[in-house]
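**Q** Okay, here's what each chain looks like letter by letter:
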Amino acid sequence: MSCDHLLKTQSYLDGQLSGAESDAAERHLQACVECQQFAAQTADLSDALRNATRHQAPEFLRARVQAALKREAAPTKVRAFWWGAASGGGASALAAALALFLFLPPSAASLAEAVADAHARALTSGHTIMVASSNHHVVKPWLAAHAGISPPATDFAGQGFVLTGGRTDTIGGNQAAVSVYAHGNHELDLFTWVDKNGALPQSTTVRGFHTAFWKEGDLNFAAISDMDEASFRKFIELARE
Amino acid sequence: MDDRRQRFEALALPHMDAAYNLARWLSRSPVEADDIVQDAMLRAFRAFDGFRGGDIKAWLLTIVRNCWLSTAAGSRRRVHVGLEDQELPAAEASPEDAAIQAGTQRRLDVLIAQLAPEFREVLILREMEDLSYREIAEITGTPIGTVMSRLARARTQLRESAKDVL
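Just so you know, the sequences run in chain order A and B. Under this note's numbering, residues 1 to 241 are what the first sequence spells out, in order. Under this note's numbering, residues 1 to 166 are what the second sequence spells out, in order.
Since the hints were made in silico from the structure, they are not lab data. Some hints here could point you the wrong way.
[What the hints assert, rightly or not] A few chain B positions that, by computed beta-carbon distances, are all more than 10 angstroms from chain A:
hint	residue
1	Met16
2	Asp17
3	Gln38
4	Asp49
5	Gly50
6	Phe51
7	Arg52
8	Asp55
9	Ile56
10	Asn66
11	Ser70
12	Pro117
13	Glu118
14	Tyr133
15	Pro143
[Unchecked claim] Stretch by stretch, here's where chain A covers chain B in the computed footprint (C-beta under 8 angstroms, at least three residues):
hint	segment
16	125 to 132
17	150 to 163
The C-beta atom is built at its ideal place from N, Cα and C for all residues, glycine as well.
Throw the hints in and build the complete structure from the sequences for me.
**A** Put into structure tokens, the structure is as follows:
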């Protein structure tokens, strides 16, 4: 490896560049065979590392830490025994109720809201794109490495829908890969996430955004945009082919 | 529950897995990882009033790393022996033989564990915890340029050693 731009290319692949720097790195990547090879290898390695172990804190350790924190924070004044017992019981009942609520699958209606929320949040924050590229060989491995999902990320530039990049997001508690498209001044987000059992909402308009939902295998798809309805339908046809 | 502890737990406990993962990969020992995480959580709680908001995950992982450094300093030898004793199947003749028989996960885990700590930590923080270069620089107390070159070296080394499973 000898290309001077290798570290820049790496920063670009890791989604650490923005604006002009990102554009420059993308132009370089498209012209440099060595960096393309490095990009492919880095993506393969990231894919492989998803098989390495991300250790999870054992349950007993959580309990141990919480007990230690409790001792550390122990109030100096002594509480009445019955008060502590009652508040403890109340807290566990409340926690159990919350846990039950959190583990319920999101309803179809709330899913449409979640997609609209995620889209609006990205638009208003200006952070719709974490990896900027119209090259699906760049976007697809980036999404695979960062969202753990490998959606098609096909460029439909010939049909007026330009792939501009990708990001990761969360839909109904599931990690989602988002392919971002531009159609004139309008932006379209195509969310992809894994959920075998959840029901999907009907395609509808949420807060002025057109939405469409469909499944392919274990992947759920949601498209959302403020473009005109005819164009939006055309995109859905292309994406579902 | 008192207010300060409640606030701390609400912010910090969601990052318990990240803390444990880093502690485990740095120490390469489940027993030490438990102690490091508990120590780190207590230190973080004591220092919580000084936490000015912002990136709590990076702040906690910085403390985890410091806790690991203080254990490693006190028992350098044990930590070095720890890799062979605890991460590799003990009965096998050589790490290579043992690893080949194991699955891809085991193999990758062994190869990551064999990286030098300064390469291992940037790789774990980037690839598993999905942290930005800036956050990794903050946690490891190194300039961003160093994070970038270490990350590139870590990836190159791992790619070379893991050729057969990639």
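**Q** Does the claim that B:Pro117 lies off the interface hold, with its Cβ farther than 10 angstroms from every Cβ of chain A?
**A** holds (16 angstroms)
**Q** Take a quick look at B:Gly50 and tell me if its Cβ sits farther than 10 angstroms from every Cβ on chain A, holds or violated.
**A** It holds; B:Gly50 is separated from chain A by about 16 angstroms at its closest Cβ, greater than 10 angstroms.
**Q** Beyond 10 angstroms from chain A, beta-carbon-wise, is B:Asp17?
**A** violated (5 angstroms)
**Q** Confirm or reject the statement that B:Ser70 sits farther than 10 angstroms, beta carbon to beta carbon, from all of chain A.
**A** Given that every Cβ of chain A is farther than 10 angstroms from that of B:Ser70, nearest at about 17 angstroms, it holds.
**Q** Are all C-beta atoms of chain A more than 10 angstroms from that of B:Tyr133?
**A** violated (5 angstroms)
**Q** If I take the minimum Cβ distance from B:Pro143 to any residue of chain A, is it greater than 10 angstroms?
**A** holds (13 angstroms)
**Q** Okay, the segment 150 to 163 of chain B and chain A, do three or more residues pass the C-beta test at under 8 angstroms?
**A** holds (count 7)
**Q** Does B:Asp49 sit more than 10 angstroms from chain A, CB to CB?
**A** holds (12 angstroms)
**Q** So is B:Gln38 really clear of chain A, every C-beta pair being over 10 angstroms apart?
**A** violated (5 angstroms)
**Q** Just checking, B:Phe51 versus chain A, shortest CB gap more than 10 angstroms?
**A** holds (15 angstroms)
**Q** Just want to verify: B:Met16 was marked as not at the interface with chain A; is every Cβ pair farther apart than 10 angstroms?
**A** Given a closest Cβ separation of 5 angstroms, the condition is violated.
**Q** For B:Asp55, which was marked as not at the interface, is the minimum beta-carbon distance to chain A over 10 angstroms?
**A** holds (15 angstroms)
Hint compliance for this structure: hints 1, 2, 3 and 14 are broken, all remaining hints hold.
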